[in-house]
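Enquirer: Spelled out from the first residue to the last, the chains are:
There are 2 protein chains.
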Amino acid sequence: MTETARANLENLYRIFTVPEAPDSTLGAIDQAITKNVADFLQKHVVSLERSLEDIEKDFFLSRIPDEPTFVSEYTTFVKEKLVAQSVHTAAPGFIGHMTSALPYFMLPLSRIMMALNQNLVKVETSKAFTPMERQVLAMLHRLIYAQDDNFYQHWIHDSRHALGAFCSGGTIANITALWAARNRLCGARDDFAGLAIEGLPRTLEYLDCAGLAVLVSRRGHYSLGKAADLLGIGRKQLILVDTDVNNRIDMQCLREEYRKLQQQNLRVMALVGIAGTTETGHIDPLEQMADFATEFGCHFHVDAAWGGPTLFSDTYRYLLRGIDRADSVTIDAHKQLYVPMGAGMVLFKDPHTLTAIEHHANYILREGSKDLGSHTLEGSRPGKAMLVHAGLSIIGRRGYELLIDLGIEKARRFADMIDAHPDFELITAPELNILTYRYHPAWLQQQMENLDPQRQQQINDLLDQLTREVQKRQREDGKTFVSRTRLRSALYGTEQITVFRVVLANPLATDAILVAVLAEQLEIISSADLQALFSAMNEICQLATQSV
Amino acid sequence: MTETARANLENLYRIFTVPEAPDSTLGAIDQAITKNVADFLQKHVVSLERSLEDIEKDFFLSRIPDEPTFVSEYTTFVKEKLVAQSVHTAAPGFIGHMTSALPYFMLPLSRIMMALNQNLVKVETSKAFTPMERQVLAMLHRLIYAQDDNFYQHWIHDSRHALGAFCSGGTIANITALWAARNRLCGARDDFAGLAIEGLPRTLEYLDCAGLAVLVSRRGHYSLGKAADLLGIGRKQLILVDTDVNNRIDMQCLREEYRKLQQQNLRVMALVGIAGTTETGHIDPLEQMADFATEFGCHFHVDAAWGGPTLFSDTYRYLLRGIDRADSVTIDAHKQLYVPMGAGMVLFKDPHTLTAIEHHANYILREGSKDLGSHTLEGSRPGKAMLVHAGLSIIGRRGYELLIDLGIEKARRFADMIDAHPDFELITAPELNILTYRYHPAWLQQQMENLDPQRQQQINDLLDQLTREVQKRQREDGKTFVSRTRLRSALYGTEQITVFRVVLANPLATDAILVAVLAEQLEIISSADLQALFSAMNEICQLATQSV
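For the record, the sequence lines run as chains V and G.
Under the working numbering, the residue at position 111 of the first sequence is numbered 111, and the numbers go up by one with no gaps.
Under the working numbering, the residue at position 276 of the second sequence is numbered 276, and the numbers go up by one with no gaps.
Quick caveat, the hints were computed from the structure, so don't treat them as lab data.
Treat the hints with care, since some could be wrong.
No copy is singled out in the list; a pair is fine if it fits within one copy or between any two copies.
For lysine-lysine, the following DSS-like pairs were computed, each having C-alpha atoms within a straight-line distance of at most 25 Å [as the list claims (entries may be wrong)]: (1) LYS479 with LYS43; (2) LYS260 with LYS81; (3) LYS79 with LYS35; (4) LYS57 with LYS472.
A quick note: this is a predicted structure, and the numbers were derived from the prediction, not measured.
One chain only, chain V, in its complex shape (with noise of 0.2 Å):
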């Protein structure tokens, strides 16, 4: 062996075998972290944003680096880099998506987490871990569907079946709830083997239909149309269904549309419910769809990846009424659970669904194992269900209702600003924490009334570019963060409009932010640039006034 070879087999062994010490370059960042993160996220993260093409340049070489680089080198390339120029997503002004500040208590227990590096595939690279998250889906599952002691007593650890599957997000779990339905309404009898083996186009010669749907309201998840493409049964044949005035989809339209697929001899494979809209979070009307569903004998999937968590409240509890009879359950933990990104749930009413999609192989998975691979999309996963279990025993079911109770009131209040605020529009109210609004002066909202829809398109138009730009340097400026979207109002006919939206999770959020939220947009509008804008819209209404 060469000298230089010797050198770096050397330098190799010392990254798996020397800790990095704790005045080094990565260890003074990591004892930061560790003392106080959100003084180091105050400190690190730049708020002044850089165009994305700027940043672009750091990231740019393609090859490989031949040669190793120092660890101390690397670590001030990520903290000038990459963590001054990413997102203070826990930030309490940064209130347009769904991330919030996390317990504390997170930190460490991910540390432990990644230090076991425990693979959920299987028992055997897992061990307490499986039983751990069977433990944690049992609960979920029980804050759902509130069955008794001996039925989880029962299933909790019954190698055969599962009462849900953990995994990377509400994406995977929609997919696998979706994925649950379509295989059971498939499933092998007689002469007949099972959509799993034998695919969709000979399952539809076999059980003669033209083909399965899935039906939702407008307001769905994008994930549910990444399913009907993924599952083979088409985006065409996922029906969006109109909503009401409140976002909630209309029963009469989901008649409607359901009588159209039967006519077409189309079979409706699931029909999902909403509880907690990703855009303005509001809840489908879920009894009655768990009627529609059980009349018609078809699947009842309900997406609460957002709005789940609003079970632990007392108070709010109400508003999901009608979820235990769903036959799954999709809820985000990296959303109102307070955990780090990366974990979500699917759950099951009946523990025998999952063997719909069950799998086996020879080295793991085996029939019998209770490995947990075998009911999941997922193969090798890490053990995120540790800080769902950690959630939920340290806050536990009265901090989480606190944690929901407190986003509520204060979108509640939100609301109200915004409604008393005479140049602001809300445009939905918030069923549970998020909002959403404009910014529409008094003067034109007087005027608005009065014009026909064509000029009214015109000046929604120019208000669209408004919210645009509002948006765009608010968060440019990196003090508060607001989102938006475009959507139907039922003030405005059926033509969406740009909205700000607001979703407020994080605890930290006063309502100190919320008025200067506010303050720092009305300061924006007033801006030299923007001022044309308002010209504009001045000048439709005027000439509207003389063409009368």
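We have chain V; now place chain G onto it with these hints.
Expert: Frame of chain V, contents of chain G only:
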């Protein structure tokens, strides 16, 4: 607000605002891991195994506790019930699965990643993490496809295209590849909107074919079966082609299977090559498979989840010759890139391929945005690409080369040890760093040759029992660990036999450990209650001699 309510609220704020004290129970564990993770695991993971049924008793509560638990109390539970009963996957003697010790820097960098809690589905919640992930994908793409600087400068940050998709693991990577292959084969044209929209049944009508099929060898990973089910093509249409004596796909059989599919009017949507089978580490003849795919015009996917990083090695890269002709390649980062669990990738030769599964939504993933989520199966995702970025930068190409070379050479030495020992039988020699073997005493090996097939089978059944039992006891003793699987061996016809499986990726697994693994197995085998198996084998042999 009542006194209790106020106290609860204060406690709640505390967990979001007050860091764990360094001298608290959790703080102390955190520091211990920071100081020396190997030492922590050594001390706290109990090596002697408790039965799973016994462990389950600690995870039987199905009701979410109403009241909060102190962090210290919960941490004690974690230490005693979870950590102690987890699996020491990083132990140098744990050579049965694909986990390894990790470079030290991975832990503090993971903490930075957790603290930032970015969501890579969109730029608004990930900023610099988006170009960073794209860079990682470009680096891996270049490792495989070696396009020139111009190519990468053009595509690396192109918002409408993607060189690949980062995901939670190889299963999602394989599914993504086959999803894209399916949709591309059945894309929109003239009067047809494409499979993604129309669904599989109508697509087959349009293409006038009876079904889609995927071809892979018998050694294909079980995720391909899941994919065939999920994508609606059906497991029956996942054609498992016979292998040669070296566990590589038999090209003659492949041609034969292809012909049969044509006769049935089934279209091949993908041919899958394996670069490192999960069970034996063998590599398919990729060059010949690429020729085949070119000849018949079908998508060529290579599942290099395990073996992909062999490309780092100047010495062994040749084993993957032809991989650059694949349309898509899966590589797992949590395997031989030495990143913690939950990181996989799929790379696509043509940056246009992923448009076949593109999707958008109003509030994120707007068309033309650089949001990564428009080309991934998953939705919200953590910033794990950062750890791959760190590995590639800090370890460098040469460092990974050294790791790969060490593993392959160690496997060869272990194979030599097994070969040299009269009572062990090497079943599959290592092409990479994986091998399989079994205990098969010299006296029995001699007799086996003279036995008729039926008696050989009886002996093999008994040897299978022995192998299972030894593997189980070795695991339970907790000193060293090998896994087991069942496979066909050219030595014993078409029936499967049970074998020990060893994976040598942990650089800390010394030759002394390999010696100890065999010694421990011999010791277990010499235990009294296993002797009955040998008596039974002996009896079969004697009966055979008498009957001659």
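Enquirer: All hints are to be evaluated individually against the structure, with a verdict given for each.
Expert: These are the hints, each one checked on the structure:
In this assembly of identical chains, the alpha carbons of LYS479 and LYS43 lie at most 25 Å apart only when taken from the same copy (14 Å versus 46 Å across copies). Taking the shortest Cα distances, LYS260 and LYS81 never come within 25 Å of each other, neither inside one copy (55 Å) nor across copies (55 Å). For a Cα distance limit of 25 Å, the shortest separation of LYS79 from LYS35 qualifies both inside one copy, at 17 Å, and across copies, at 22 Å. Taking the shortest alpha-carbon separations for LYS57 and LYS472, only the intra-copy value of 22 Å comes in at or below 25 Å, while the best inter-copy value is 53 Å.
The structure fails to meet hint 2 from the earlier list, while all remaining hints are met.
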